[in-house]
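Take each chain as given, in its own frame, and dock them per the hints.
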Amino acid sequence: MIVAVTVGSATGLHAREAARVAAVAASCPTPVWVRRDGGAPVPADSVLSLLTLAAPQGTELLLESASSSSLELVAQAIGAS
Amino acid sequence: MTALLLRGLGASPGSATGPAYRLADPPRLPAPRPVTDPDAEVDRAFAAIEAVSREIGARADAADDPTTSEILRVQAALAADRTLRDGIAMAVRAGHEAPHAVAAVLGEHRSALLAAGGLLAARAVDLDDLRDRVVAGCLGLPMPSLPHPGRPFVLVAVDLAPADAALLDPAQVLAVLTSAGSYVSHTAILARARGVPTVVACAGALDITDGTTVTVDGTTGRVTVGVGGPVTMVDGATGQVTATPGRAVAQVDDQSRTLPSDVRGVTRDGHPVPLLANIGSAAELAGVSVEGVGLFRTEMLFQHHLDAPGVAEQEAAYAAVFEAMAGRPVVVRTLDAGSDKPLPFLSDDREPNPALGIRGLRVARRRDDILRTQLTAIASAARKSSARVAVMAPMVTTVGEAAQFAALCRDAGLPKVGAMVEVPAAAVRAREFLQAVDFLSVGTNDLSQYTFAADRRSGELADLLDPWQPALLSLVALCAAAGQVMGRPVGVCGEAAADPDFAVVLAGLGVTSLSMAPASIPAVGAALAAHTLDECRAAAQGALAAGDPAAARAAARRR
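Residue numbers (numbering that gives the first Met the number 0), protein chains in the order written: chain A, 0 to 80; chain B, 0 to 558.
Keep in mind the hints are simulated off the structure, nothing from the lab.
All C-beta atoms in this analysis are idealised placements derived from N, C-alpha and C, irrespective of residue type, glycine included.
One should not assume that every hint holds.
[Claimed, not checked] Footprint (simulated), chain B over chain A, 3 or more residues, beta carbon under 8 Å: (1) 2-14; (2) 32-45; (3) 48-58.
[Claimed, not checked] Pairwise CB distance ranges, derived in the manner of DEER restraints: (4) B/A93 / A/P30: 51 to 59 Å; (5) A/Q75 / B/P141: 39 to 47 Å; (6) B/V310 / A/A22: 47 to 55 Å; (7) A/A65 / B/A282: 35 to 43 Å; (8) A/T29 / B/D367: 20 to 28 Å; (9) A/E71 / B/G149: 52 to 60 Å; (10) A/A3 / B/N352: 36 to 44 Å; (11) A/G78 / B/M299: 28 to 36 Å; (12) A/S26 / B/S144: 39 to 47 Å.
Excised from the complex, chain B in its bound form (with noise of 0.2 Å):
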């Protein structure tokens, strides 16, 4: 048995063996064929109905959170809905089997919530899964879900929605493989929040078959499928023990998955640059000891609610971040929907292009009550705690729209108050916004998208999100050296602050603090212990000089 090897992108550092199993496809309708027992028909679809609505019922009661059965019981009374089951009965007597009568009817209603637009554009997505649970009933196959091989596996996908990515459990999930996606892609991010070995952009790995031992290795980008000498070779460096033929075993590569200890960010010459956590719920800090939050996202909140959740749920989240980081900084962000993260209860038409529509701060111009209400629960949770709380918004443009930010949160009584630099037209005039407020924090993601005018999804322009593009540097440059005139803190939470090189480079650049996903925190906390701040600014010279990015990469590494 001879080993294959595969290479794609390296999304999330650490390396993992294991068998791989395919997310399953959505079952697929059968070549129809002529109804000769309408009433059988009718009945079989009707089961299948009942089956789907009983068991999202059964899920719903068993859901831990409110939120979470809430979604669950609408969609229980979508599957029992009598039109459904008159239309079905209708397209069976009309000749349809039962799964294409299904598919039809919920088809024709699809296409009525998507000609209605963003609210109920967004229920389209509920009708297909509920499609895809019904049809497998009607053809007697398993009802969709992640596979669960009874053992730990490296799931393999085309991609991974944020929904499926933000389900992933990483004790049965060892890594995770995909033919698409990219280094910033939501995949890519949830994976190293969780610390799951990802390799992105891989062609080829939709042809493993399912069973088969694979090796991932998030860091160098290389997939190696099946067993044989050349697992031996690849594994060696990580020390992994490889499968016995026959018996798959899961080995990870404790190195990588161990959370990090108490790591201070700190230069070989005694120069600080705390290193903070990337998070989106209190449940990431478990564990970890971290100088502080960088980046509190607050989507995970909002996400699975038919409305903007009240004060006291936000309350509660908020707090038990802040409780589980007494005495350190933690910069909450303000919601940041649109784009590719809808939310139900914001989006209320469809934009032709929501990367460049109303996205993040900018949703204040049409619900500023969600800002508001937001701002209140986290100077509430803030009063009660003795963690140094900030909050910053996403998506700012301008420095009137950054004022405006500030004085809101001033009023609610959040005196720290920042702005994220995502668009190059917040990074020229980093000057300028930090006369409006007390800190910048570029997200390198999204001003890598708007700068380069490349989709953050895009496997295909990846070369272009790479964030060692010197007019990446350029523009965070401007931001740090904005902060050292002004000298107000200037932070770096984008992915890219992951990257022990880059991370240097940073440092080099002036960036004040770096945030991340926790598990990448002490491989950045070596290379800064590594470097005096001289040589962080050289190997930052060196970048900014070069000319394009693997260039940068290498000047940056010969310091």
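The following block holds chain A by itself, in its conformation from the complex (with noise of 0.2 Å):
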């Protein structure tokens, strides 16, 4: 499953969004994989690669995961304002 989610934090993913995403992505029992349009997906549940996507409030990011569940709990932590 794949669904489209837009950065809602005014500092985009940064620091402290990047953490707070990591650790719902952490806590769901199938993995989420995030990826920009194009680029290479990388795991939902790390903050590393979270701050790399360099991902600026108002982004598109694309989650895939074999779970409604757990894509529905990682899309309301990016798009949370």
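Spelled out as structure tokens, the structure:
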């Protein structure tokens, strides 16, 4: 399953936000992958990987997971402002 | 045992003697060897990572304030990151030893962050710190930190990052001695704020062996290394006790470290020139009696934040200062970020020349919400206090910018508004500026940097940054004269105001208040009290007429 989500935080997917999203992803039973359109997917539970996506507010990211509930949780975390 | 005399630039007055300890260098990677047991090597790396993550996590738990703890938590999360582990395990299995694998993998992520620019590039430093810690763990070396010799000491370093300098504990660090830096580097400014005697740009500082007793005289720039006859002679002036061989003692010149009692700036003939304090937080006002605050730097409040702090947090910090200064003037400078003081939530891209880029008030071109929030918090704290609160903006370049800033402040309920004069463009239009704002405050450090096109951190160009440079004096004179014509205050809040001779010249030029580190106030007060206003004017005329800094200094002293 793939869903698109827009980064909500004013500072983008920056340190604190990335740490928050990674913590949510780590609590999900099924792995979630994140990528920019056309970019390589990275694991959503890695702060370091989320940081290197370099995603400011408004960036559209694609999430992929085998579980729709995990997808929903991570999408919410990324979309929250 | 003979003493060796070194010379540097005195950057923070006072003298102190104690054992020298060098800021540790980051651990060095040993020459690589082939990996014979990859599993053991992976274990070594993971054990080091875990230890670092645990240690940082524990420090996060122990941190008093939420922002420090939050920063440390993110750092701990980075250390515990699973991609980091996976990458390191892969690098080890590709034949790299644990410390080399750690350095290589973190190095890759670091390059990725740097390539992403601004916001993320600021995180590269965090990865460097992580690398140094994990590499040290792999090698069984102690974690990098300020020295903790268990007794007060003299800190020796190449230079200190503002963050290091901000953490200095004056009870432990008797003096600072650096091989690089200049009078206006952050090491010097923060050391002056804390009353820690400091000598910068001292060649030979790094050759001092740990534990050697040194005397650092931050007034003259003289550094005596080792004990022996000459030490007693040097120390004679300040009445210090010299170390006895085998047991180095820490003695501080009490006069230089005692905070000022109530000192009012007034010339011998009764002309008032208020002496105000430069501070970064309410903590610097503890035990200090001053006429007011001439420069309240608000960067520290923003420094350890991943996002700009909210109204409530800012208001509390402003209220603490206003409370300490009840009934007295406090000039709050709005956030001066950018250039050498980058903040993660502000820098969106890399600037080829940050000192000439988006800094100070210019940040509001992109993020006026930060300025508005700050003004709201200041106004709210000011309403609940009897302190006479004024605000001023850093790096104002045109009259239009000054007028725009003034309008924002007045809308926020802050009627008294000023502009800092840090660029020549503002100084030459001082009169017009004073039609838009109520007062000016000359920041001599940046005004020097921008007038002489000399980086304020450059030790090599320190002569150009000398505040006695005639061109700088001329610009200050322009501002002061504009103030007199317009009947509005023009103060000086640069570090130059802390030089007693220079303060006399400033008063003579017509500067209406001087703001400096609290520890410098007594000496400046004494100098003003020794001169009449006419004598100050004569000193100013002499300095203005001189051809170079040395002649200007000499001319001022003849009065």
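Tested hints:
{"no.": "1", "hint": "2-14", "verdict": "holds (count 5)"}
{"no.": "2", "hint": "32-45", "verdict": "holds (count 4)"}
{"no.": "3", "hint": "48-58", "verdict": "holds (count 5)"}
{"no.": "4", "hint": "B/A93 / A/P30: 51 to 59 Å", "verdict": "violated, 24 Å"}
{"no.": "5", "hint": "A/Q75 / B/P141: 39 to 47 Å", "verdict": "holds, 43 Å"}
{"no.": "6", "hint": "B/V310 / A/A22: 47 to 55 Å", "verdict": "violated, 27 Å"}
{"no.": "7", "hint": "A/A65 / B/A282: 35 to 43 Å", "verdict": "violated, 53 Å"}
{"no.": "8", "hint": "A/T29 / B/D367: 20 to 28 Å", "verdict": "violated, 43 Å"}
{"no.": "9", "hint": "A/E71 / B/G149: 52 to 60 Å", "verdict": "holds, 55 Å"}
{"no.": "10", "hint": "A/A3 / B/N352: 36 to 44 Å", "verdict": "holds, 38 Å"}
{"no.": "11", "hint": "A/G78 / B/M299: 28 to 36 Å", "verdict": "holds, 33 Å"}
{"no.": "12", "hint": "A/S26 / B/S144: 39 to 47 Å", "verdict": "violated, 33 Å"}
Checked against the numbered hints above, the structure violates hints 4, 6, 7, 8, 12; every other hint is satisfied.
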